[in-house]
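Number of protein chains: 2
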Amino acid sequence: MAQKPSIPKGTRDFSPTEVAKRNYIFSTIRNVFETYGFQPIETPSFENSETLMGKYGDEGDRLIFKILNSGDYLNKVDETLLASKDSLKVTASISEKALRYDLTVPFARYVVQHQNEIEFPFKRYQMQPVWRADRPQKGRFREFYQCDADVVGSKGLWQEIEFVQLYDAVFSKLKLTGTTIKLNNRKILAGIAEIIGEADKLIDFTVALDKLDKIGAEGVTKEMLAKGISESAIEKVQPLFHFNGTNQEKLNQLQVLLADSVEGTNGVNDLRFVIDTIEILGLQSAHLTIDVTLARGLNYYTGAIYEVSAPKGVQMGSIGGGGRYDDLTGIFGLKDMSGVGISFGLDRIYLVLEELNLFDTVELPKPKVLFVNFGDKEAAFCMKALVKLRENNVKSELYPDSSKMKKQMNYANKREIPFVVIVGSSEIEKNKYTVKIMQTGEQQECSLEELLKITQ
Amino acid sequence: MAQKPSIPKGTRDFSPTEVAKRNYIFSTIRNVFETYGFQPIETPSFENSETLMGKYGDEGDRLIFKILNSGDYLNKVDETLLASKDSLKVTASISEKALRYDLTVPFARYVVQHQNEIEFPFKRYQMQPVWRADRPQKGRFREFYQCDADVVGSKGLWQEIEFVQLYDAVFSKLKLTGTTIKLNNRKILAGIAEIIGEADKLIDFTVALDKLDKIGAEGVTKEMLAKGISESAIEKVQPLFHFNGTNQEKLNQLQVLLADSVEGTNGVNDLRFVIDTIEILGLQSAHLTIDVTLARGLNYYTGAIYEVSAPKGVQMGSIGGGGRYDDLTGIFGLKDMSGVGISFGLDRIYLVLEELNLFDTVELPKPKVLFVNFGDKEAAFCMKALVKLRENNVKSELYPDSSKMKKQMNYANKREIPFVVIVGSSEIEKNKYTVKIMQTGEQQECSLEELLKITQ
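Keeping their order, the protein sequence lines are chains A and B.
Letter by letter, the first sequence follows residues 4 to 459 of our numbering.
Letter by letter, the second sequence follows residues 4 to 459 of our numbering.
If you are wondering where the hints come from, they were derived from the structure by calculation, not from laboratory data.
Treat the hints with care, since some could be wrong.
Distance condition first, Cα-Cα at most 25 Å in a straight line; then the derived PhoX-like pairs of lysine-lysine [said to hold, decoys possible]:
1. Lys176(A) x Lys371(B)
2. Lys58(A) x Lys7(B)
3. Lys158(B) x Lys178(B)
4. Lys338(B) x Lys409(A)
5. Lys439(B) x Lys407(B)
6. Lys380(B) x Lys338(B)
7. Lys204(A) x Lys58(A)
8. Lys7(A) x Lys58(B)
9. Lys92(A) x Lys239(B)
10. Lys225(B) x Lys158(A)
11. Lys387(B) x Lys369(B)
12. Lys338(B) x Lys369(B)
13. Lys158(A) x Lys380(B)
14. Lys58(B) x Lys79(A)
15. Lys176(A) x Lys141(B)
16. Lys217(A) x Lys230(A)
17. Lys12(A) x Lys79(B)
18. Lys417(A) x Lys387(B)
19. Lys456(B) x Lys371(B)
20. Lys417(A) x Lys433(A)
21. Lys92(B) x Lys141(B)
22. Lys92(B) x Lys12(A)
23. Lys439(A) x Lys380(A)
24. Lys391(A) x Lys178(B)
25. Lys92(B) x Lys79(A)
26. Lys158(B) x Lys338(B)
27. Lys371(A) x Lys315(A)
28. Lys185(B) x Lys387(A)
29. Lys158(B) x Lys176(B)
Simulated DEER-style distance windows between Cβ atoms [said to hold, decoys possible]:
30. Lys417(B) x Arg299(A): 51 to 57 Å
31. Arg299(A) x Thr180(B): 48 to 54 Å
32. Asn78(B) x Gly181(A): 44 to 50 Å
33. Thr180(B) x Gly74(A): 40 to 46 Å
Ideal placement from N, C-alpha and C gives every residue a C-beta, glycine not left out.
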């Protein structure tokens, strides 16, 4: 019995049209990355398990795809362990490799492993798939691409400014206008914790504040009280509940609010520097806005935090994000390497562009010219022209069989091939080609040189 | 304790320079594929195990990387089965996905699954990594790329001719001259079996003949006798032991030898058609040669068989191969779909180009312009120029920190950045930029517009 073909949940096949559209996004991002001085690296699809495990929290460990050891992998496994049926513990004995979960940890591993070959500050980009055993839903897949740019070995704020410009440049080139680049700084969140008087309430506070959109100031206050944040503390940070206005107005409010916190004030100064510089330089199509609720892996970032949302009206989670981490490579033994980076979510950007019909200029991967095949003698004559056309980079093909004319024309129509060349014995005699321009139906006899001109 | 970073055996990191060189090969192959009318598809990195298992023989099944099921995967596994420690059987219970082993089986699965969306004949190409748990050695990796082009839904010989041209076009564009495209036809091998009088000796015969280079005619005769091939049969195929001369001479010998076999004669005719047509059309840099010892997965191919070897003097296995298979998709339920395809081995081609120093024209991914960073005021002034340069696609960057001049110049030197722009207070005053041309050491003061001209 033949198998009914299918693919694993959360994975996708990509048709020629989809590949072309995806490559359009990839090459747009790649060109901007390179224009900004980033260099590409690639890392293996799977890493040693110890490189990945424990780097993404318990949830991450669970979602990492593990690869079974090869050969008779059960041979040396302890029988009592097997009998226990403890999946977690057995995994360590039968699997020593795992699929890449993101690009940041492999990058950190790369930097440490190749530190002697790298010229710092190292500006690298990486565009590769990652895999997560997550529950699939709209915009969430088990195999998806990340496109990351990071700078490691510099603490400067200029790179943080450049990432705002870079986001703007990519989305503008994709004609995806009206994106919002949200910006925050971990130091501001830390400053708020200081103001509250309890540093250990930072996460509770941030989680509550993050719900402002949904539950309003009253709801947030209630949740904060429930988490044990004092009334006086909440009173102090009231301005954040009504945090509106221009970026400058927000900065001024934050400055007042965090006046008593050295770290918080540093955060406001850093943020102001980025905002002011961008205001002077201008952006092409994105909006830059301060969002103090933005945390994204709070335990990870130490300075700037970025997140990009799609234009209003498009239902989609974030299409990009990133931030600064002061100890990217410490876990692999290289201390004091500050890094800052951003990521583009290729698959979500694809869905947004599709929804907004922004793929109209993408050149689909189809030939420009089809040579009809009437038989070996005619095909041989066509082949001479085909060689010339291809030498001149004209995408062209000969129908591989001498099928009925109708079938061949049907193929040309379905694939929307703009030029069809027809060669019979009379053309061969005259050393000419009859070319049909499919859009108009117009036909003309021409020499090989003329054919080359028409189809180029 | 920090982990000492490493990557799994048989996998590789790619540095910016390596990525650039690899992309040069990828884009050369991609351009030729598209010029020949092929369209790209992509399939998931992992497939359901039943899609892959049993398709590559026992050896293949062993070398396929299996992915462990997620969650508490041992929960439902039979305890007696676990206690048996039968790795092969347990695998079926704890793993239902596996990493792609080649591109042909996923392509066959794709064709059947999407048959209603596909216009046949379907000319597709695919350039993706595959994974094999093979023992790593020179030119053999556990993660490597295949670049395949196939036509499915046509039995015509013209496509077989085009693949010879396509190989020649790719290697010529890569300046890899002197490759040998070896060509055979399964029907000729079947004809030989008929001549020998024992069809079941075909594989023994081919395996022995394949050793002609190493053990000579005498050794081959000895091995054939040992395998039970009769003396009179060996007598009959003597010409193959001294199979030299031009392709035309070989064709004539084969015609005589296989005169009594209908299938063999068909094979000679097919081969002659391809050879004759290529002789008329000509090749740019490759040699096309008939090789009757060429079998490559004998049980698989049914018509043309291709293999490409690197130029003489380069020690490397085949750098490409392929052939015709008359029942590509039958295993997934779609009968009578003839396909013919070829593959390029990216990683081996890379090694060959490296050995022959053929990467000299590859543009490395480095910026053209570095702006030295003397402080925020100077950097802000530089940033205005940077925005303009990047708008004009000039790869350029600002050193992210205001480090010592010497350190920044050292960075520019190490990365071989051709233009360094220096801006101090006097430049800001005059609204000028000082640009240093690194190769000559020459320095000049210029306006933003002049800078744009110089660096473009």
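Hint-by-hint comparison with the structure:
1. Lys176(A) x Lys371(B): holds, 21 Å
2. Lys58(A) x Lys7(B): Measuring from Cα to Cα gives roughly 15 Å; hence the hint holds.
3. Lys158(B) x Lys178(B): This hinted pair is violated, its Cα atoms lying about 32 Å apart.
4. Lys338(B) x Lys409(A): holds, 24 Å
5. Lys439(B) x Lys407(B): holds, 17 Å
6. Lys380(B) x Lys338(B): Since the Cα atoms of Lys380(B) and Lys338(B) sit roughly 72 Å apart, the hinted pair is violated (cutoff 25 Å).
7. Lys204(A) x Lys58(A): The hint holds at about 23 Å.
8. Lys7(A) x Lys58(B): holds, 15 Å
9. Lys92(A) x Lys239(B): With a Cα-Cα distance of about 64 Å, the restraint between Lys92(A) and Lys239(B) is violated, given a limit of 25 Å.
10. Lys225(B) x Lys158(A): violated, 74 Å
11. Lys387(B) x Lys369(B): holds, 21 Å
12. Lys338(B) x Lys369(B): Between Lys338(B) and Lys369(B) the Cα gap is close to 51 Å, so the pair fails against 25 Å, i.e. violated.
13. Lys158(A) x Lys380(B): holds, 17 Å
14. Lys58(B) x Lys79(A): Since the Cα atoms of Lys58(B) and Lys79(A) sit roughly 29 Å apart, the hinted pair is violated (cutoff 25 Å).
15. Lys176(A) x Lys141(B): The hint is violated at about 43 Å.
16. Lys217(A) x Lys230(A): holds, 18 Å
17. Lys12(A) x Lys79(B): Distance of about 20 Å is within 25 Å: holds.
18. Lys417(A) x Lys387(B): This hinted pair is violated, its Cα atoms lying about 49 Å apart.
19. Lys456(B) x Lys371(B): Measuring from Cα to Cα gives roughly 13 Å; hence the hint holds.
20. Lys417(A) x Lys433(A): Outside the cut-off at roughly 31 Å; violated.
21. Lys92(B) x Lys141(B): violated, 33 Å
22. Lys92(B) x Lys12(A): Holds: Lys92(B) and Lys12(A) sit about 23 Å apart, inside 25 Å.
23. Lys439(A) x Lys380(A): holds, 20 Å
24. Lys391(A) x Lys178(B): holds, 19 Å
25. Lys92(B) x Lys79(A): holds, 16 Å
26. Lys158(B) x Lys338(B): Holds, because 14 Å separates the two Cα atoms, which is no more than 25 Å.
27. Lys371(A) x Lys315(A): The given pair, whose Cα atoms are some 38 Å apart, is violated under the 25 Å limit.
28. Lys185(B) x Lys387(A): holds, 23 Å
29. Lys158(B) x Lys176(B): violated, 29 Å
30. Lys417(B) x Arg299(A): 51 to 57 Å: violated, 34 Å
31. Arg299(A) x Thr180(B): 48 to 54 Å: holds, 53 Å
32. Asn78(B) x Gly181(A): 44 to 50 Å: holds, 48 Å
33. Thr180(B) x Gly74(A): 40 to 46 Å: Holds - the Cβ-Cβ distance for Thr180(B) and Gly74(A), about 42 Å, lies within 40 to 46 Å.
Hints 3, 6, 9, 10, 12, 14, 15, 18, 20, 21, 27, 29 and 30 from the earlier list are contradicted by this structure; the remaining hints agree with it.
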